[in-house]
Amino acid sequence: MPLLEVTNLRTSFHTRHGIVRAVNDVSFSLEKGDTLGIVGESGSGKSVTCYSLMRLIPQPPGRIEGGAALFGGVDLLKASPEQLSKIRGKRISMIFQDPMTSLNPYLRISEQLIEPLLIHENISRADALKRGIAALAEVGVPDAEKRIRSYPHEFSGGMRQRVMIAMALITKPELLIADEPTTALDVTVQAQILDLVKKMQRELGMAVIWITHDLGVVAGFCQRVQVMYAGRLVERATADELFQNTAHPYTRALQKSIPALQPKGAALYTIPGMPPDLSRNLEGCPFAPRCEYAQEQCKQPVELKDIAPNHATACLRVQKNEITF
Amino acid sequence: MSAEFPIVTQHAGEIEPGHSLWQDAWHRLRQNKLAVIGGVFVAILSLICLLAIVIAPGSYAKTNLALGATAPSSAHWLGTDILGRDMLSRILFGGCISLSVGLAATLVSVIIGVLYGAISGYLGGRVDVILMRIVDIIYSLPFVIFVILILVVFGKHIVLLFMAIGAVSWLDMARIVRGQVMSLKRQEFVEAAVALGLRKRQIILRHMIPNVLGIVAIYATLIVPSVMLLEAFLSFLGLGVQAPMSSWGTLINDGRKTMEEYPWLLIYPSLFFSLTLFSLNFLGDGLRDALDVRASKD
Amino acid sequence: MLRFIFKRILEAIPVLLIVATVTFFLLHRMPGGPFDTEKATTPEIKKQIEAYYGLDKPVTQQYFDYMKRLVLHGDLGPSQKYFGWSVNELLAGSLPVSMELGLEGLCFALFFGLTAGVIASLRKNTFGDYIPMSFATLGICIPSFVTGPLLIIVFGILLGWFNTSGWFFPRDRVLPAMTLGLYYMAYISRLTRGGMLEILNQDFIRTARAKGASEWRVVWRHSLRGGLLSVVSFLGPAISGIVTGSLVVETIFDIPGAARFFIGAAFNRDGPMLMGTTLVYAVLVVVMNLLADIVQVWMNPRLRFDS
Numbered sequence: 000m001p002l003l004e005v006t007n008l009r010t011s012f013h014t015r016h017g018i019v020r021a022v023n024d025v026s027f028s029l030e031k032g033d034t035l036g037i038v039g040e041s042g043s044g045k046s047v048t049c050y051s052l053m054r055l056i057p058q059p060p061g062r063i064e065g066g067a068a069l070f071g072g073v074d075l076l077k078a079s080p081e082q083l084s085k086i087r088g089k090r091i092s093m094i095f096q097d098p099m100t101s102l103n104p105y106l107r108i109s110e111q112l113i114e115p116l117l118i119h120e121n122i123s124r125a126d127a128l129k130r131g132i133a134a135l136a137e138v139g140v141p142d143a144e145k146r147i148r149s150y151p152h153e154f155s156g157g158m159r160q161r162v163m164i165a166m167a168l169i170t171k172p173e174l175l176i177a178d179e180p181t182t183a184l185d186v187t188v189q190a191q192i193l194d195l196v197k198k199m200q201r202e203l204g205m206a207v208i209w210i211t212h213d214l215g216v217v218a219g220f221c222q223r224v225q226v227m228y229a230g231r232l233v234e235r236a237t238a239d240e241l242f243q244n245t246a247h248p249y250t251r252a253l254q255k256s257i258p259a260l261q262p263k264g265a266a267l268y269t270i271p272g273m274p275p276d277l278s279r280n281l282e283g284c285p286f287a288p289r290c291e292y293a294q295e296q297c298k299q300p301v302e303l304k305d306i307a308p309n310h311a312t313a314c315l316r317v318q319k320n321e322i323t324f
Numbered sequence: 000m001s002a003e004f005p006i007v008t009q010h011a012g013e014i015e016p017g018h019s020l021w022q023d024a025w026h027r028l029r030q031n032k033l034a035v036i037g038g039v040f041v042a043i044l045s046l047i048c049l050l051a052i053v054i055a056p057g058s059y060a061k062t063n064l065a066l067g068a069t070a071p072s073s074a075h076w077l078g079t080d081i082l083g084r085d086m087l088s089r090i091l092f093g094g095c096i097s098l099s100v101g102l103a104a105t106l107v108s109v110i111i112g113v114l115y116g117a118i119s120g121y122l123g124g125r126v127d128v129i130l131m132r133i134v135d136i137i138y139s140l141p142f143v144i145f146v147i148l149i150l151v152v153f154g155k156h157i158v159l160l161f162m163a164i165g166a167v168s169w170l171d172m173a174r175i176v177r178g179q180v181m182s183l184k185r186q187e188f189v190e191a192a193v194a195l196g197l198r199k200r201q202i203i204l205r206h207m208i209p210n211v212l213g214i215v216a217i218y219a220t221l222i223v224p225s226v227m228l229l230e231a232f233l234s235f236l237g238l239g240v241q242a243p244m245s246s247w248g249t250l251i252n253d254g255r256k257t258m259e260e261y262p263w264l265l266i267y268p269s270l271f272f273s274l275t276l277f278s279l280n281f282l283g284d285g286l287r288d289a290l291d292v293r294a295s296k297d
Numbered sequence: 000m001l002r003f004i005f006k007r008i009l010e011a012i013p014v015l016l017i018v019a020t021v022t023f024f025l026l027h028r029m030p031g032g033p034f035d036t037e038k039a040t041t042p043e044i045k046k047q048i049e050a051y052y053g054l055d056k057p058v059t060q061q062y063f064d065y066m067k068r069l070v071l072h073g074d075l076g077p078s079q080k081y082f083g084w085s086v087n088e089l090l091a092g093s094l095p096v097s098m099e100l101g102l103e104g105l106c107f108a109l110f111f112g113l114t115a116g117v118i119a120s121l122r123k124n125t126f127g128d129y130i131p132m133s134f135a136t137l138g139i140c141i142p143s144f145v146t147g148p149l150l151i152i153v154f155g156i157l158l159g160w161f162n163t164s165g166w167f168f169p170r171d172r173v174l175p176a177m178t179l180g181l182y183y184m185a186y187i188s189r190l191t192r193g194g195m196l197e198i199l200n201q202d203f204i205r206t207a208r209a210k211g212a213s214e215w216r217v218v219w220r221h222s223l224r225g226g227l228l229s230v231v232s233f234l235g236p237a238i239s240g241i242v243t244g245s246l247v248v249e250t251i252f253d254i255p256g257a258a259r260f261f262i263g264a265a266f267n268r269d270g271p272m273l274m275g276t277t278l279v280y281a282v283l284v285v286v287m288n289l290l291a292d293i294v295q296v297w298m299n300p301r302l303r304f305d306s
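Chains as they are written, first to last, in numbering that gives the first Met the number 0: chain A, 0 to 324; chain B, 0 to 297; chain C, 0 to 306.
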């Protein structure tokens, strides 16, 4: 049985400008120990998908319109607050994009780091503190015993992210959701953080969902990848398959946009046009307005369909075998 | 936080007419019913007060000792006080005085605050640090005590009154203006102006002041009620507006002294005063919320 | 942290000196005196009175004499209105009363203001928000010299629960403290609501929820410390305002505090009394502000490293 099974997730935001369909009928599943990457631009719905699972969407403007997310027999989307709080931080942990704002500036690191233990496990403060120091040392913070008493603003960005990782993993969760944790960091630090998470994953045997806009990260880290655009899944495959047998024009365009891979001296490739207005109901393929392969038929509604074992695409023309990359 | 909310963008090819900051603010203000009601109330009240001066000057001082204090009736809508003076006229004139003193003191306060804040913000560095530290210190002293001392020493002329009140209320304005000037200083168009060769004085005059004026107008609306409160406070203690003129503060104090026998002498002036403060506060809050989305209560 | 306290004390001393000096020279310019308005006095008696009060010496000499007496002995001089009494004696009896009133007003404002503000922020845009905040707006707009008499009418006269004036029984504290504190309660509840809302919107609150913290824990452990910051920085001006507000409240409720001496001195032109009460008020405010600053630094760790 999969660890996590998401079916037909739909989340919208009811704003003054209309109803924004941020996540539009997304389904996927995750096995124990899997590493899944979710790739997309800002506004693609990749983060909102995972926040919906944890029910961390602010509910006045946001609303989970439908779907189910089965985790160990519990539907996360319909669970009671008590059930939810037992899962959050204990069985599913999350780390966020900006370590500077995601840590409470008014509390010491020790307070925040051992908090998951104090909430979920029946251990004394002293024991929790010992485990906290050990966790801090494990993620590579030097002089952990002294530094645990510092405040967040006394740490550098990379260190803060390590603290966040330690805090997320201290309860040995079954699933870690990482929302662009390296986007706000230097490139060298990015690599360190990635290695750290890989190491912890091996030790704990946990599954990881890694949200990013950076295909390079995905290539080095994830076994399976799904690509999102305008709130929908457009391609889903293993990492190898995604890069070798790309099955969607958007994924192809993303690959072409990586500056490092482009020939020197030529103009940099950018995807023409802009992401669509999600408050309007879109007919057919959401990427069509910007796609160089688009045709009349792309205006029909299209579903995510397998074209090979473990490789699905939402491009009508690829499904019909009309185009390859 | 931006990762959480999807970006609402246009379909490529469609361009909506741009909204200037002021248009957006005006639109938001119009939607704030309380602020609109407040603004209308103040406008109507000011109009009536002005009319009262024009139509029936002196009616507030006409005594009728034989009549004495009477409860509200058809002859005197809000009753009369112990000297037989018509309360409606007294309250309207009192309003005139209170509003005028309020506006005058606000003007003084704005002038001092803007100058102080602009200089501090523009010069920056150590000068700014010192000037702002002075503001912090003054902010925490009971300056009303000093206003009282000034009035005691120099007499209770009405001009001195609103100057003294204004001299106490400029602190917030100075801070706000300084903040605006500092953020404007860093913006690109100042660099562009410098690159084009404009001297510092020209930069201040042509670019910064128009930008700052909007914010000043808004916070000035919030200064008016606090200044009126201060004037009423002083009048209550007998140190504000002197007889035969009377502001709402003196009326309230007079009413208080006989509140058990003639409660209407206290209730009506208090009502008018509070409603006016209400309206000004709602209007000022609305203006501030309309312009500064971050400061908005939601 | 100790360095911070030390620095602030060092700052407070020149402030008080300046206040004293400015007040002194200001009052020197005050026309007339209490004995001018009473029975006409012969020039000889006038000279004697002036010598007694040291008014025949040059101004600067008077200033130094006064400051020396003040700093070395804490002596505020003799009153000009209440002949035979020193300012110290008159204030010694009345100041504790004023301080008690001020403290009670502040506690009232803090307790109800904080509670109302926190509840309003948690129940944003529902009735649990609109009702306290409407009361808050009322409290800011209606001055104490209006609410005081109103409270007296309702609770003292109509309902008869409290005395309409005086300071004899513990019950007598209720209405004056309420009147004094109402404005600040309103202001504090608005500040609290605003501060809490701002904190509750921050990313680290989301992190706390993601760790499985209950709503109670999120509010109590994570939000309050940051959410109350704007209230703490308001404490300084609030205390200053309470001192000024006590002038009105003590007048309305006939409370034997320091206000009647200050106001009386203002009308009677009693120089030493005016000087004395002003200084006492100033010292009080400066000390309380220092305490408020210390609380602020304790609550916001980021400030500790900036000084």
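Each hint should be verified, as a subset may be incorrect.
Stated by the list, open to error - Mimicking DMTMM-like on lysine to aspartate or glutamate, the simulated pairs with C-alpha atoms at most 25 Å apart in a straight line are: (1) A:Lys129 to A:Glu173; (2) C:Lys6 to A:Asp185; (3) A:Lys85 to A:Glu40; (4) B:Lys32 to C:Asp128; (5) C:Lys123 to C:Glu214; (6) A:Lys77 to C:Asp171; (7) A:Lys85 to A:Asp74; (8) C:Lys67 to C:Glu99; (9) A:Lys31 to A:Glu4; (10) A:Lys85 to C:Glu88; (11) A:Lys89 to C:Glu88; (12) C:Lys123 to A:Glu81; (13) A:Lys263 to A:Glu282; (14) A:Lys304 to A:Glu40; (15) A:Lys85 to C:Asp253; (16) A:Lys171 to C:Asp171; (17) A:Lys255 to A:Asp276; (18) A:Lys77 to C:Asp253; (19) C:Lys123 to A:Glu64; (20) A:Lys89 to A:Glu120; (21) A:Lys197 to A:Asp24; (22) C:Lys6 to B:Asp288; (23) B:Lys256 to C:Asp253; (24) A:Lys198 to A:Glu144; (25) A:Lys77 to A:Glu64; (26) A:Lys145 to A:Glu173; (27) A:Lys171 to C:Asp202; (28) A:Lys304 to A:Glu120; (29) C:Lys6 to B:Asp127; (30) A:Lys129 to A:Asp142; (31) A:Lys89 to C:Glu214; (32) B:Lys256 to C:Glu88; (33) A:Lys319 to A:Asp194; (34) A:Lys298 to A:Asp276; (35) A:Lys197 to A:Glu81; (36) A:Lys255 to A:Glu173; (37) A:Lys77 to A:Glu173; (38) C:Lys123 to B:Asp288.
Derived from the structure by calculation, the hints contain no laboratory data.
Since the model is a prediction, treat every value here as computed from it, not as a measurement.
Hint check results:
no., hint, result
1, A:Lys129 to A:Glu173, "holds (22 Å)"
2, C:Lys6 to A:Asp185, "violated (39 Å)"
3, A:Lys85 to A:Glu40, "violated (32 Å)"
4, B:Lys32 to C:Asp128, "holds (18 Å)"
5, C:Lys123 to C:Glu214, "holds (15 Å)"
6, A:Lys77 to C:Asp171, "violated (55 Å)"
7, A:Lys85 to A:Asp74, "holds (13 Å)"
8, C:Lys67 to C:Glu99, "violated (30 Å)"
9, A:Lys31 to A:Glu4, "holds (11 Å)"
10, A:Lys85 to C:Glu88, "violated (66 Å)"
11, A:Lys89 to C:Glu88, "violated (67 Å)"
12, C:Lys123 to A:Glu81, "holds (22 Å)"
13, A:Lys263 to A:Glu282, "violated (39 Å)"
14, A:Lys304 to A:Glu40, "holds (22 Å)"
15, A:Lys85 to C:Asp253, "violated (59 Å)"
16, A:Lys171 to C:Asp171, "violated (60 Å)"
17, A:Lys255 to A:Asp276, "holds (24 Å)"
18, A:Lys77 to C:Asp253, "violated (62 Å)"
19, C:Lys123 to A:Glu64, "holds (23 Å)"
20, A:Lys89 to A:Glu120, "holds (9 Å)"
21, A:Lys197 to A:Asp24, "violated (30 Å)"
22, C:Lys6 to B:Asp288, "violated (38 Å)"
23, B:Lys256 to C:Asp253, "holds (12 Å)"
24, A:Lys198 to A:Glu144, "holds (22 Å)"
25, A:Lys77 to A:Glu64, "holds (11 Å)"
26, A:Lys145 to A:Glu173, "violated (30 Å)"
27, A:Lys171 to C:Asp202, "holds (23 Å)"
28, A:Lys304 to A:Glu120, "violated (43 Å)"
29, C:Lys6 to B:Asp127, "holds (19 Å)"
30, A:Lys129 to A:Asp142, "holds (14 Å)"
31, A:Lys89 to C:Glu214, "holds (17 Å)"
32, B:Lys256 to C:Glu88, "violated (30 Å)"
33, A:Lys319 to A:Asp194, "violated (40 Å)"
34, A:Lys298 to A:Asp276, "holds (16 Å)"
35, A:Lys197 to A:Glu81, "violated (31 Å)"
36, A:Lys255 to A:Glu173, "violated (35 Å)"
37, A:Lys77 to A:Glu173, "holds (20 Å)"
38, C:Lys123 to B:Asp288, "holds (17 Å)"
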